[in-house]
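S.K.: Spelled out from the first residue to the last, the chains are:
Number of protein chains: 2
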Amino acid sequence: MKNLILASTSTLHGQEYLEYLLPVLKSHFKGCREILFIPYARPGGITHDEYTQLAEKAFANAGLQVKGLHQSETAIAAIEEAEGIFTGGGNTFLLVQQLYRYNLLTPLKEKLEEGTPYLGTSAGTNIAGLTMKTTNDMPIVYPPSFNTLGLVPFNINPHYLDPDPTSTHKGETRETRIREFHQFNTPPVVGLREGSWLEVKGKDIRLKGEPLARIFEADKEPYEVEPETLLNDLT
Amino acid sequence: MKNLILASTSTLHGQEYLEYLLPVLKSHFKGCREILFIPYARPGGITHDEYTQLAEKAFANAGLQVKGLHQSETAIAAIEEAEGIFTGGGNTFLLVQQLYRYNLLTPLKEKLEEGTPYLGTSAGTNIAGLTMKTTNDMPIVYPPSFNTLGLVPFNINPHYLDPDPTSTHKGETRETRIREFHQFNTPPVVGLREGSWLEVKGKDIRLKGEPLARIFEADKEPYEVEPETLLNDLT
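Protein chains in written order, with full-length UniProt numbering: chain A, 1 to 235; chain B, 1 to 235.
No lab work stands behind these hints: they were computed from the structure.
All of these numbers come straight from a predicted model, not from anything done at the bench.
Fair warning: there could be bad hints in the mix.
It does not matter which identical chain is meant; a pair holds if it fits inside one copy or across any two.
Stated by the list, open to error - No more than 35 Å apart at the CA atoms, straight line, and that leaves these computed lysine-lysine pairs for DSBU-like: (1) K26 x K220; (2) K30 x K220; (3) K57 x K220; (4) K170 x K220; (5) K170 x K208; (6) K170 x K201; (7) K67 x K170; (8) K170 x K111; (9) K203 x K170.
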């Protein structure tokens, strides 16, 4: 039975890395000693080591050790043996390209379907959806496919941002971009605002955190859902 | 000799479509009767016909007729015979996917290298660079490659946006995204603010419009350039 936390962001404004999620992580990873960290999205181009140190520091506050996937001799075995897994944010194109490069999509999917606790933030949440086609990231590398883990039967847009009514900028709003997505794709999209996460326990997918989420379905007006709403029927 | 206008945006806040470019377009397309419009990026999911009508209305103010590429029986022949070409903005992934689907990249590149006047806005400007890897768009479809026309020896980031110092949002700034690009790619990136365009005449690439542009080179601090600066050495 799946056991996932899919968070919009790792960090809230003015807080430390993962600080707002710390109480949740303590119970989520209860019984684990060491978390396997997938650092491939490496935000801002920091190294795998630097990124892993950041995760180590945050998880130490929850009494958990962290091992970077890049430190393992065989990545597939490291995934198969992990007690808990965390994929951090950064660039989704890079993350997905690396997961394909090392043939990790299938082992990771199987491992998470068996119930290994997982935390994703931002790009690490994006890959839990059907495809990465609703990422906000820049396509700095070309992955062999946009298909991702499909651990939930929809797509996720992390860092969901409402249109700014005072803006004079003519770049597309997030809502316009997701509308364009639905011209060519049918899966629903969950716009996860910063401070929200999805808690996936077996078949139950529940919105957690303080903000409402905005749901986009093809050929329907977008709508808001409250925290604690079950999204099991969103397919 | 190349003759291109590569604009950051089609529209400035509070203005009509292409309004701020109208004086420039009149002289740029002088001698043309009809402009071939490439509507594939279709912003917000509008149809090719709707998008072509928008272009028709704007170009009528410059005394020019417009024909949509989708209205041609053979797209390659339409490009080869065009007097002038305009590619409008929207979704760059979709635009590039369609150009590959109909094998139009090479005919379009050859045609523009011969000197046919071209206007690109937003996505239509993005494709003039080496790759589409610095687009801001959502990857709603999977193109067979991110390589684009390479009419200039660098990449372009249209709708370039400075970081908002008052923002509490944790999504990446544009500058962070471009820094991530340079972890994996060497070409310079021109951050073109709305209201700017590049004027390419033969070998001369000149920044036009009112805003400064922000230039990103690998392993260098980003820097600003003034309007009228020649960017011929930016490779």
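S.K.: Now tell me, hint by hint, if it's right for this structure.
M.R.: Each hint, compared with the structure:
1. K26 x K220: Neither, since 38 Å and 42 Å both go past 35 Å.
2. K30 x K220: neither (40 Å within a copy, 45 Å between copies)
3. K57 x K220: Close across copies (30 Å), not inside one copy (43 Å); limit 35 Å.
4. K170 x K220: This pair counts as both: shortest intra-copy Cα distance 25 Å, inter-copy 29 Å.
5. K170 x K208: both (33 Å within a copy, 19 Å between copies)
6. K170 x K201: So K170 and K201 pass the 35 Å test across copies only (27 Å; inside, 41 Å).
7. K67 x K170: between (43 Å within a copy, 25 Å between copies)
8. K170 x K111: The answer is between: 30 Å across copies meets 35 Å, while 43 Å in one copy does not.
9. K203 x K170: between (41 Å within a copy, 30 Å between copies)
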